[in-house]
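As they're listed, the protein sequences go chains F and C.
Its first residue numbered 1, the first sequence is counted upward by one per residue in the numbering used here.
Its first residue numbered 1, the second sequence is counted upward by one per residue in the numbering used here.
In short, the hints are calculated from the structure, not lab data.
Errors might be hidden in some of the hints.
What the hints assert, rightly or not - Think about it this way: if two alpha-carbon atoms lie no more than 20 Å apart in a straight line, the pair counts; the simulated EDC-like pairs of lysine to aspartate or glutamate are:
hint: 1; chain 1: F; residue 1: Lys154; chain 2: C; residue 2: Asp222
hint: 2; chain 1: F; residue 1: Lys122; chain 2: F; residue 2: Glu152
hint: 3; chain 1: C; residue 1: Lys146; chain 2: C; residue 2: Asp222
hint: 4; chain 1: C; residue 1: Lys181; chain 2: F; residue 2: Glu260
hint: 5; chain 1: F; residue 1: Lys153; chain 2: C; residue 2: Asp49
hint: 6; chain 1: F; residue 1: Lys283; chain 2: F; residue 2: Glu260
hint: 7; chain 1: F; residue 1: Lys194; chain 2: F; residue 2: Glu145
hint: 8; chain 1: F; residue 1: Lys194; chain 2: F; residue 2: Glu115
hint: 9; chain 1: F; residue 1: Lys153; chain 2: F; residue 2: Glu126
hint: 10; chain 1: F; residue 1: Lys82; chain 2: F; residue 2: Glu260
hint: 11; chain 1: C; residue 1: Lys181; chain 2: F; residue 2: Glu263
hint: 12; chain 1: F; residue 1: Lys122; chain 2: F; residue 2: Glu145
hint: 13; chain 1: F; residue 1: Lys122; chain 2: F; residue 2: Glu132
hint: 14; chain 1: F; residue 1: Lys82; chain 2: F; residue 2: Glu491
hint: 15; chain 1: F; residue 1: Lys408; chain 2: F; residue 2: Asp373
hint: 16; chain 1: F; residue 1: Lys154; chain 2: C; residue 2: Glu53
hint: 17; chain 1: F; residue 1: Lys122; chain 2: F; residue 2: Glu198
hint: 18; chain 1: C; residue 1: Lys181; chain 2: F; residue 2: Asp274
hint: 19; chain 1: C; residue 1: Lys181; chain 2: F; residue 2: Glu132
hint: 20; chain 1: F; residue 1: Lys122; chain 2: F; residue 2: Asp149
hint: 21; chain 1: F; residue 1: Lys153; chain 2: C; residue 2: Glu53
hint: 22; chain 1: F; residue 1: Lys82; chain 2: F; residue 2: Asp373
hint: 23; chain 1: F; residue 1: Lys194; chain 2: F; residue 2: Glu152
What the hints assert, rightly or not - Just some of the chain F residues that point at chain C, by a computed CB distance under 7 Å:
hint: 24; residue: Pro134
hint: 25; residue: Ser222
hint: 26; residue: Thr254
hint: 27; residue: Ala425
hint: 28; residue: Leu426
hint: 29; residue: Ile460
hint: 30; residue: Asn461
hint: 31; residue: Ser464
These numbers were taken from a predicted model, which means no experiment stands behind them.
C-beta atoms are modelled at their ideal positions from N, C-alpha and C, and glycine is treated no differently.
The residues making up each chain are set out below.
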Amino acid sequence: MRSIRRLSGLTFFLLSGCNEPLSAPIPTAHPELDAPVRGGVLHLATTFDLKSLDPATSASALDAELLEMIYAGLVDFDASGKIFADLSENYSISGDARTYAFRLRRGVLMHDGEELTASDVKRSIERALHPETPSPFASFYDRIEGFQDYTEKKSEHLAGVRSTGRYDVEIRLREPDATFLAALAMPSLRPVCKSAGERFDDAWSPCGAGPFKLAPGGWQPSRSVSLVRHEGYFRTNEPYLDGVVYTLGMNAVTQRFKLEAGEIDVFRELTQLDTTRFSADPKWREFGFRETARNLLGEGMNVEMPPFDNVEVRRAVAAAIDRDELRRLRGTNLVIQTRVLPGVLGRDPGFVGQRFDRAAALEHMRLAGWPFDPATGTGGWPTPITYVVTQSGLSEFTAQVIQQQLAKIGLRIELKLVSFPTYLALTQRRHSVAISNQGWNQDFPDPADFFEPLFSTSAINEESSNNTSFYSNDRLDALLARGRRAADPRERQRLYDDADRIVVDDAPWALTLSYPLYVVHQPYLRRYRDHAVYGNFIGGTWLDRGATAVAKRAGVLGSVLGGLR
Amino acid sequence: MTRYLLRRAVWTALVVWAVLTLAFIVNNVVPSDPARMVAGAQARPRDVDRVREQLGLSQPIAVQYGRFMRRLVHFSTARRGDASGPHGACATLGWLHLDFGKSYQRRRPVVDIIGERLPRTVMLALAAMLVQVVVGVGLGMLAAAKRGSLIDHASVGASLLGVSAPTFLLGLLLQFVLAHKLRLLPLDGYGSTAAEHLACVVLPALTLGVAGAAYYTRLVRDELISVMKLDHVRTAIAKGMSPARVWFRHALRNALVPLITVLGLDLGALVGGAIVTETLFRWPGIGALSVSALLDRDGPVILATVVVTSTAIVLSNVLVDASYALLDPRVKR
Chain F
1 MRSIRRLSGL
11 TFFLLSGCNE
21 PLSAPIPTAH
31 PELDAPVRGG
41 VLHLATTFDL
51 KSLDPATSAS
61 ALDAELLEMI
71 YAGLVDFDAS
81 GKIFADLSEN
91 YSISGDARTY
101 AFRLRRGVLM
111 HDGEELTASD
121 VKRSIERALH
131 PETPSPFASF
141 YDRIEGFQDY
151 TEKKSEHLAG
161 VRSTGRYDVE
171 IRLREPDATF
181 LAALAMPSLR
191 PVCKSAGERF
201 DDAWSPCGAG
211 PFKLAPGGWQ
221 PSRSVSLVRH
231 EGYFRTNEPY
241 LDGVVYTLGM
251 NAVTQRFKLE
261 AGEIDVFREL
271 TQLDTTRFSA
281 DPKWREFGFR
291 ETARNLLGEG
301 MNVEMPPFDN
311 VEVRRAVAAA
321 IDRDELRRLR
331 GTNLVIQTRV
341 LPGVLGRDPG
351 FVGQRFDRAA
361 ALEHMRLAGW
371 PFDPATGTGG
381 WPTPITYVVT
391 QSGLSEFTAQ
401 VIQQQLAKIG
411 LRIELKLVSF
421 PTYLALTQRR
431 HSVAISNQGW
441 NQDFPDPADF
451 FEPLFSTSAI
461 NEESSNNTSF
471 YSNDRLDALL
481 ARGRRAADPR
491 ERQRLYDDAD
501 RIVVDDAPWA
511 LTLSYPLYVV
521 HQPYLRRYRD
531 HAVYGNFIGG
541 TWLDRGATAV
551 AKRAGVLGSV
561 LGGLR
Chain C
1 MTRYLLRRAV
11 WTALVVWAVL
21 TLAFIVNNVV
31 PSDPARMVAG
41 AQARPRDVDR
51 VREQLGLSQP
61 IAVQYGRFMR
71 RLVHFSTARR
81 GDASGPHGAC
91 ATLGWLHLDF
101 GKSYQRRRPV
111 VDIIGERLPR
121 TVMLALAAML
131 VQVVVGVGLG
141 MLAAAKRGSL
151 IDHASVGASL
161 LGVSAPTFLL
171 GLLLQFVLAH
181 KLRLLPLDGY
191 GSTAAEHLAC
201 VVLPALTLGV
211 AGAAYYTRLV
221 RDELISVMKL
231 DHVRTAIAKG
241 MSPARVWFRH
251 ALRNALVPLI
261 TVLGLDLGAL
271 VGGAIVTETL
281 FRWPGIGALS
291 VSALLDRDGP
301 VILATVVVTS
311 TAIVLSNVLV
321 DASYALLDPR
331 VKR
């Protein structure tokens, strides 16, 4: 009996320990200082694994975070998502909006010590877009003159990219493209050192002109990436950090433990429980923020499959979803009712968009020819509809709520949980899935990046289709084509407002949420800010940790084994 | 003995080939697109096609299989050379070349990735086995010797708890107490020096070892209790042999035969990778690799981990068979 009591006591201790108050954050050493001080190594962590440090082949958001540290581009996004000249001193756009002329800064040193010239820019672009480079973004640049000939190996060089002087580069498009600068600001075409050669090679070691360079042996696959400051960086005072150590594949619980111990400085991948705890804790609240919304979630309905080939059924679904209920599934969720994210051109703040109205949803079901009586539960679509969703926390939970909500208007949903690769294969295949949970992360902050891949006719494919609703609308296509070409921002705003109204009304998606991450960092990490495009943006960030050391770990074993090497 | 070993070697090769072929078929039948996983969920179809072409995935499945099998084991006088050369992804032993190709996701020769990871998994497997054997056999002997006592009940109770506890829960609990609260050990990782490797292996080895030790405790206890009732043991006791000699020479040796079977199978499975434990503790071994390869549909890596796992299990069975002969002379006859 006594042993049972002891066991119960131990269990209680452990369980209560798991829910113990958060440790106090480690304060900044010199709160009075406002000017940045150089020094210190920033420690970051992620659950994900890094796939590539070559801008030509990188595909994930994590890749982009690190590429932003290692490579600099002709232009880049500032923290608010606006484009600014980075490696270029200035740039101009011709009157026909087809020629972009960049003048490079003089004396920009690459990580290998060589000066950046226009030929490096041209070589890097041609390397990235070469047909033998497995680039996941090549088609973003298909409006560059000569792109087709180059990718079909009909020409040795990309005709539309010319170096017109040692420091002058000109890029000519075959037609105006209002998104070109934004696409250029992405990491894919950033200049790489001469060691990269003219063609992509797996074995190349990353080398660019960004603020940090890869430390010797700095990429331990699936374990960590270590960067050190590029002393020749063209912004002479920056970066303020001596280096960055990015640990890969660390689960969220361990990240929390390490943040509390001061072993990592930023925690971005909080569990729902930790989001609630950190955002509610008065000690930590000041050092947490919700990142800019960069993604959309919704229920994608295949307009080629019944019952969603009927626009009234789609409208019924859009009106039947109580987004506020979904929002509560995760503390940082935002309700989304229109196609365009907050802060992105084309969002009309006065436009309400899709919203929850069950009476209207029932009316749409009646108009569709499938009236449903909620009192008796009779009527509605006669057969169950398969809903495909990935086996991951938020999607799975959202799907269960959607299932309940759609049952109230006479649509019976059967959930089919699949792995992510299977989910992609099924939902991107034509005539395969009637309804599924859909999401889209912005590649760059422009409405074209949402509308074109998701809703344009040209994005429909038999397999690997981005337009998973297989929705086609001539009027929308015409608006999107004009929006892509229009140079005047006000005209673009108007065009995308109109496009937004079409998509909201035709409802190929029932728009639901955006889920920006909640980020928390140690107070000694100064000027760590949100960025409209990149996670873990550390431009201007500095460390003011003072003498606070990380508490020693492995004390017992370390002392016994310390001599071993 | 030589004929026996040769026969087993041929069987091993056949079993591994069958498992590999099955894995290849399953990997290609399940709806998924490795090129899409490389290019990213949002890549435009033209870019996915470009990646597919680069990976050689646009060929029919039968052609891909034939190419893979032809390349897997081949003979060549050529040296490995650089990574982009014809033998750049081979592991070589003289003229014998082993080539799984390059990882779709990591763009490195799979043999290099396996070469890095296998020793770490073997290290973890051996450490876990050590925990299992030392704790399991020790507690089992103690429980059998003190049958019916509080120690016996406590051992049986603890073993029940150990067998029932899910690995991830046990791992989290050990991590929380020993690393986060008491700060005795690293939270996770692998470290970069021998001392760090040893410090880092303790938590995952304990996590893996506890469940095994719990099972071994029950097995050893029950076997010992049965063996102690056998005639030859009773005779030894009646002849006045010392208790220690009776236990170790007559009882334990017989009780270990079934344990060896389980131990061999466990070792094979552990070398195949402890998926949950390696992922939880960020131990960069075969288990964590196979999870990420499956999630990414990284065919060459999936097939390589299948070969490693199946080979480890088949070989451990061979070792178990061979060890019977050492423990039980009747088997040799």
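Each hint tested on the structure:
1. Restraint check for Lys154 of chain F and Asp222 of chain C: the C-alpha separation of about 77 Å exceeds 20 Å, so the hint is violated.
2. For the hint linking Lys122 of chain F to Glu152 of chain F, the alpha-carbon distance of about 18 Å falls within 20 Å, and the restraint holds.
3. The straight-line distance between the Cα atoms of Lys146 of chain C and Asp222 of chain C is roughly 12 Å, inside the 20 Å bound, and the hint therefore holds.
4. For the suggested pair Lys181 of chain C and Glu260 of chain F, the alpha carbons sit about 11 Å apart, so the restraint of at most 20 Å is met.
5. At most 20 Å may separate the alpha-carbon atoms for a hinted pair to count; Lys153 of chain F and Asp49 of chain C meet this at roughly 16 Å.
6. Proximity of Lys283 of chain F to Glu260 of chain F is assessed by CA-CA distance (about 12 Å); at most 20 Å being required, the pair is judged to hold.
7. A distance of roughly 24 Å separates the Cα atoms of Lys194 of chain F and Glu145 of chain F; the hinted pair therefore is violated under the 20 Å criterion.
8. Between Lys194 of chain F and Glu115 of chain F the CA atoms are separated by roughly 10 Å; this keeps the pair inside 20 Å, and the hint holds.
9. For the hint linking Lys153 of chain F to Glu126 of chain F, the alpha-carbon distance of about 12 Å falls within 20 Å, and the restraint holds.
10. Of the supplied pair hints, the one linking Lys82 of chain F and Glu260 of chain F is violated, its CA atoms being roughly 34 Å apart against a limit of 20 Å.
11. Between Lys181 of chain C and Glu263 of chain F, the direct Cα distance comes to roughly 14 Å. Compliance with the 20 Å bound is thereby established for this hinted pair.
12. Between Lys122 of chain F and Glu145 of chain F the alpha-carbon distance is near 13 Å, which keeps this suggested pair within the 20 Å criterion.
13. A C-alpha spacing of about 17 Å is found between Lys122 of chain F and Glu132 of chain F, which places the hinted pair at or below 20 Å, so the restraint holds.
14. Restraint check for Lys82 of chain F and Glu491 of chain F: the C-alpha separation of about 18 Å stays at or below 20 Å, so the hint holds.
15. For the given pair, Lys408 of chain F sits about 9 Å from Asp373 of chain F by alpha-carbon distance, which is consistent with the 20 Å threshold.
16. For a cut-off of 20 Å, the pair hint linking Lys154 of chain F to Glu53 of chain C stands: about 18 Å separates their Cα positions.
17. At most 20 Å may separate the alpha-carbon atoms for a hinted pair to count; Lys122 of chain F and Glu198 of chain F meet this at roughly 10 Å.
18. With a C-alpha separation of about 18 Å, the suggested pairing of Lys181 of chain C with Asp274 of chain F holds against the 20 Å cut-off.
19. This hinted pair does not check out: Lys181 of chain C and Glu132 of chain F have alpha carbons roughly 52 Å apart, beyond 20 Å.
20. Only pairs whose Cα atoms come within 20 Å are accepted, and Lys122 of chain F paired with Asp149 of chain F is accepted, the gap being roughly 16 Å.
21. The hinted pair formed by Lys153 of chain F and Glu53 of chain C meets the criterion: a straight-line CA distance of about 15 Å does not exceed 20 Å.
22. Pair hint Lys82 of chain F plus Asp373 of chain F does not hold up; C-alpha atoms about 51 Å apart against a cutoff of 20 Å.
23. Distance hint between Lys194 of chain F and Glu152 of chain F is unfulfilled; the C-alpha atoms sit about 25 Å from each other, more than 20 Å.
24. Taken as an interface hint, Pro134 of chain F checks out: its beta carbon lies about 4 Å from the nearest beta carbon of chain C, inside 7 Å.
25. Restraint check, Ser222 of chain F versus chain C: the minimum CB separation of about 5 Å is within 7 Å; hint holds.
26. Checking Thr254 of chain F against chain C: minimum C-beta separation of about 5 Å stays under 7 Å; hint holds.
27. A cut of 7 Å between beta carbons decides the hint on Ala425 of chain F: the least distance to chain C is about 4 Å, and the hint holds.
28. The criterion of a C-beta within 7 Å of any C-beta in chain C is met by Leu426 of chain F, whose closest approach is roughly 6 Å, and the hint holds.
29. This hint is violated: Ile460 of chain F has a C-beta 9 Å from the nearest C-beta of chain C, more than the 7 Å allowed.
30. A cut of 7 Å between beta carbons decides the hint on Asn461 of chain F: the least distance to chain C is about 4 Å, and the hint holds.
31. For Ser464 of chain F, the interface hint holds, the least distance from its beta-carbon to any beta-carbon of chain C being 4 Å, beneath 7 Å.
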